[in-house]
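S.K.: Given the coordinates of chain A, assemble chains B and C onto it according to the supplied hints.
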Amino acid sequence: MAQELPSWTLAELAPLLGGELIGNPEQRISRPIEAGDSDEGGICFAESEKFLQLVMESRVGAVILSQQVPGLVANQIVHPAPRLAFAKFLHLFRRPLSISSGIHSTALVDPSAQIDPTAKIGPYVVIGPDSHVGAGAEIHPFCYIGDRCSVGAGCVLYPHVVLLQEVTLGEGCRLFPGVVLGADGFGYAPSPEGLMPIPQVGSVELGRSVDLGANTTVDRATVGKTKIGDGTKLDNLVMVAHNVQIGPHTVVASQAGIAGSATIGAQVIMGGQSGVKDHVSIADRVTLAGRAGAIGNVESPGEYFGLPAQPVRETLRQMAAVKKLPDLVKRIQAIEAALDKLSKS
Amino acid sequence: MAQELPSWTLAELAPLLGGELIGNPEQRISRPIEAGDSDEGGICFAESEKFLQLVMESRVGAVILSQQVPGLVANQIVHPAPRLAFAKFLHLFRRPLSISSGIHSTALVDPSAQIDPTAKIGPYVVIGPDSHVGAGAEIHPFCYIGDRCSVGAGCVLYPHVVLLQEVTLGEGCRLFPGVVLGADGFGYAPSPEGLMPIPQVGSVELGRSVDLGANTTVDRATVGKTKIGDGTKLDNLVMVAHNVQIGPHTVVASQAGIAGSATIGAQVIMGGQSGVKDHVSIADRVTLAGRAGAIGNVESPGEYFGLPAQPVRETLRQMAAVKKLPDLVKRIQAIEAALDKLSKS
Amino acid sequence: MAQELPSWTLAELAPLLGGELIGNPEQRISRPIEAGDSDEGGICFAESEKFLQLVMESRVGAVILSQQVPGLVANQIVHPAPRLAFAKFLHLFRRPLSISSGIHSTALVDPSAQIDPTAKIGPYVVIGPDSHVGAGAEIHPFCYIGDRCSVGAGCVLYPHVVLLQEVTLGEGCRLFPGVVLGADGFGYAPSPEGLMPIPQVGSVELGRSVDLGANTTVDRATVGKTKIGDGTKLDNLVMVAHNVQIGPHTVVASQAGIAGSATIGAQVIMGGQSGVKDHVSIADRVTLAGRAGAIGNVESPGEYFGLPAQPVRETLRQMAAVKKLPDLVKRIQAIEAALDKLSKS
Chain A
1 MAQELPSWTL AELAPLLGGE LIGNPEQRIS RPIEAGDSDE GGICFAESEK FLQLVMESRV
61 GAVILSQQVP GLVANQIVHP APRLAFAKFL HLFRRPLSIS SGIHSTALVD PSAQIDPTAK
121 IGPYVVIGPD SHVGAGAEIH PFCYIGDRCS VGAGCVLYPH VVLLQEVTLG EGCRLFPGVV
181 LGADGFGYAP SPEGLMPIPQ VGSVELGRSV DLGANTTVDR ATVGKTKIGD GTKLDNLVMV
241 AHNVQIGPHT VVASQAGIAG SATIGAQVIM GGQSGVKDHV SIADRVTLAG RAGAIGNVES
301 PGEYFGLPAQ PVRETLRQMA AVKKLPDLVK RIQAIEAALD KLSKS
Chain B
1 MAQELPSWTL AELAPLLGGE LIGNPEQRIS RPIEAGDSDE GGICFAESEK FLQLVMESRV
61 GAVILSQQVP GLVANQIVHP APRLAFAKFL HLFRRPLSIS SGIHSTALVD PSAQIDPTAK
121 IGPYVVIGPD SHVGAGAEIH PFCYIGDRCS VGAGCVLYPH VVLLQEVTLG EGCRLFPGVV
181 LGADGFGYAP SPEGLMPIPQ VGSVELGRSV DLGANTTVDR ATVGKTKIGD GTKLDNLVMV
241 AHNVQIGPHT VVASQAGIAG SATIGAQVIM GGQSGVKDHV SIADRVTLAG RAGAIGNVES
301 PGEYFGLPAQ PVRETLRQMA AVKKLPDLVK RIQAIEAALD KLSKS
Chain C
1 MAQELPSWTL AELAPLLGGE LIGNPEQRIS RPIEAGDSDE GGICFAESEK FLQLVMESRV
61 GAVILSQQVP GLVANQIVHP APRLAFAKFL HLFRRPLSIS SGIHSTALVD PSAQIDPTAK
121 IGPYVVIGPD SHVGAGAEIH PFCYIGDRCS VGAGCVLYPH VVLLQEVTLG EGCRLFPGVV
181 LGADGFGYAP SPEGLMPIPQ VGSVELGRSV DLGANTTVDR ATVGKTKIGD GTKLDNLVMV
241 AHNVQIGPHT VVASQAGIAG SATIGAQVIM GGQSGVKDHV SIADRVTLAG RAGAIGNVES
301 PGEYFGLPAQ PVRETLRQMA AVKKLPDLVK RIQAIEAALD KLSKS
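Chains as they are written, first to last, in our numbering: chain A, 1 to 345; chain B, 1 to 345; chain C, 1 to 345.
The shape of chain A in the complex, shown without the other chains (with noise of 0.2 Å):
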């Protein structure tokens, strides 16, 4: 673990970066660190006054900010997208996990299979019949990719991935450990015997770039597809039920729910723990903060919260009216005996 670290001079940083350097060109900067961390060997960035003044109040060696602050002590690189920028100074720290090239000697492949010569297949992967990796892909050890599956390039599966049947991935998806794509929806039919399962015989599919967080769950539709849109980004634990159609680059935050043939559009945001009922359609640009439960249709872009969700500033009236209802209960009784005493007088 003892090895040489990289570091910078902010003058070679800053053109890096794609940023302007206010500040000692000599300073080396070894490392990204959080605002708040005094650190004279570390940048940082500050995208509000919360975090500016974290950084005030500590020693770092230099700061990335949309805009020159003056009396600032730290270095500044000046850059119109700070996030970015830090985001362009980590991919410098980027280690991806080690796999080895071609097929692991371990590794189950049925011969239908068709693997790209440049994709990497680590150790303990079984890969079934008439399924697909594309040019560039990494399966990681222990994943499971069943029959018909098609995984485009550039994929990365980590560790204990499973793709049951059916499962068709577009191109750069990365899918973290514990990802199950492809179960049967949850369809029952009742009968004498009890319940009887629905056959579900429809797919998954995913666009390009799309991200799926730890052990997060999605379906197979009954029939049709259950389909994830270009760029769209789920965190761990999220649920995605069987025939649901989420639009591109949408991100949707962990432990987030959304039932069976419900409708997501593109560029929404769903927050922690917030749900989306069956049946339901989400139109596109919509945020529904976390724990929100939309039970009925979102037909406009906007921020929603609250069970029913609803516009998020009706919801947060709601809530503080809410909170003086105990209040409003003894106004109400002094109202009513204070009438009672007018009507008798």
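A couple of the hints might just be wrong.
Since the list can't tell identical chains apart, any single copy or any two copies may satisfy a pair.
When the alpha-carbon atoms are kept at most 27 Å apart in a straight line, the in silico DSS-like pairs for lysine-lysine are as follows [unchecked claim]:
id: 1; residue 1: K225; residue 2: K50
id: 2; residue 1: K50; residue 2: K344
id: 3; residue 1: K330; residue 2: K344
id: 4; residue 1: K225; residue 2: K330
id: 5; residue 1: K225; residue 2: K323
id: 6; residue 1: K330; residue 2: K341
id: 7; residue 1: K344; residue 2: K323
id: 8; residue 1: K324; residue 2: K341
id: 9; residue 1: K120; residue 2: K330
Derived from the structure by calculation, the hints contain no laboratory data.
M.R.: Showing chains B and C alone in chain A's frame:
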């Protein structure tokens, strides 16, 4: 993937599904479709006005209905239970996940384990001491069956299922990927050195035909058994804590949680993200709507909603009243002003 | 499975548990039971009136109580902490999951990894470069320990645990199946080509004696560390996002979620399905009741409930008032009518 697709004339299909044909007996049907999709080789079903409307706006080969609808362009198959008839058709399209007969050479089976000769044990499976696997069961890759477990005849364990120890499955259970049965219940006793784990020495017992969705967890009991009754179905990412008892033919949707020692009756329905507090008891035939939280016993059948869970009509009335609450505050202010005036006059 | 069961006379058992026997010293006890079960060879404990009542309605070999209860039919063991005494008894019934000594021949251990000779590495385990496994640790089948991870002495990783990279576990941690540590934090920066992943180059660090329940996920920090303190216990399906800091001796129940950069103090209790918003701080010794949602800092110890989380008494008062709200609306209508009459008279 290019293969001859099966197809049926409606004259063949109607008796196969047990329905009565109204329409063209020569029409060929090749696949199930969703209501609303246009596909002249497709068949769907419509149980409600809403889905019937979708069918009327599309072109389909045939639709399964509970009674004849005059004037419908599409061919009709009339069946008393359209969903069940459609499920029958879907059965014709099932392509079970492939697995070879016998015990795969890479499976590690403890010498004391008993495997029925008709069971199929896939590659990279581990089976521990004193465990049993019954006739015709399928154990897919990367399953771990630990110590003293019993898997009933006809069970299917999809890839990546874990039974830790003392887990018993009745016949015909289906466990989807990532299911974990028999992890320790969450019990600790405070001690001067911190929280001491209370040893969890009980077991998990599933009845017949229980389905558990992907990444669902069922903990072993502290003492005694955590039990799930015959025919009960759990969706993905559900939590069943130690010593929970769930009755037969109950349905639990995704991300619902049942805390320690709670008792759930027969034919209960728990909606997505709902929860039941520890030691709480839910009567037979109760429905907890999505996100409902039962923090006290629910003793009568019916539908419940909200936190705390109350009869759904009461919760909806309260929610409607809360929506009006900010206005109500204004009305009370107006009343107070009017009273003030009156009392001064 | 037919084996000699252990048993003890109460004369033997009382001193073993550190309690005082009131009753028949010759009574034989063979197993722990739940309060309420009838079993003359069984022993249970009762900490509350409710459980004492259950014991009185059943026939048990003995019951552990914090003080003698006169007139009880059952034999009594009096101990100041009945739950701890019962836990001691349970220890006699523990049967740890079987695992052989040494490194199994099918385990793939990178040559640069350091494995203590007393550690047990089960079949189908993968351990990556520059990782360490400490003395006496148990790594069960299908565990993946990636790059530059460190597993402390005495840790138990149950089957199917994933440590991706730069994950450090203190001594004596227990990780249940399906746990995923070190997946990328959920951070993206908008760009003209869509959402760009912000590289997550930080790590995960667990203190000593941390337990993580089945399918729980803890993400690596963007920079710096996601940290969980000594003795902290997390239940199943819990989400800990990037850069979260959790103090020591904290307890987090199932399906709770902690969003990015939140700080949770020491000896905090988080109930099932509760949530903490990103960047929010929760003070030491706070209890968040089940389903509570902390959307602002909680600065004083005590119990909190509701969304937003408020002191439990306030939330309960508000909930009670909401229940009366539909009636309140009627009372306000009556007041308005009366006022109208008055003002016209």
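S.K.: Now tell me if each hint is right for this structure.
M.R.: Evaluated hints:
For the identical chains of this complex, K225 and K50 are inter-copy neighbours only, at 21 Å across copies versus 44 Å inside a copy, given an alpha-carbon limit of 27 Å. In the homo-oligomer, the alpha carbons of K50 and K344 never lie at most 27 Å apart, since the shortest distance is 59 Å inside one protomer and 51 Å across protomers. Proximity of K330 to K344 under the C-alpha cut-off of 27 Å is found in both arrangements, the shortest distances being 21 Å within a copy and 22 Å between copies. Taking the shortest alpha-carbon separations for K225 and K330, neither the intra-copy value of 56 Å nor the inter-copy value of 50 Å comes in at or below 27 Å.
Proximity of K225 and K323 under a CA criterion of 27 Å is satisfied in neither setting, with 45 Å inside one chain copy and 38 Å between copies. Proximity of K330 to K341 under the C-alpha cut-off of 27 Å is found in both arrangements, the shortest distances being 17 Å within a copy and 20 Å between copies. Proximity of K344 to K323 under the C-alpha cut-off of 27 Å is found in neither arrangement, the shortest distances being 34 Å within a copy and 31 Å between copies. Both within a single protomer and between protomers do K324 and K341 lie at most 27 Å apart by alpha-carbon distance, with minima of 26 Å and 24 Å respectively.
With identical chains, the CA atoms of K120 and K330 are never at most 27 Å apart, being 70 Å at best within one copy and 67 Å at best between copies.
When each numbered hint is compared with the structure, violations occur for hints 2, 4, 5, 7, 9.
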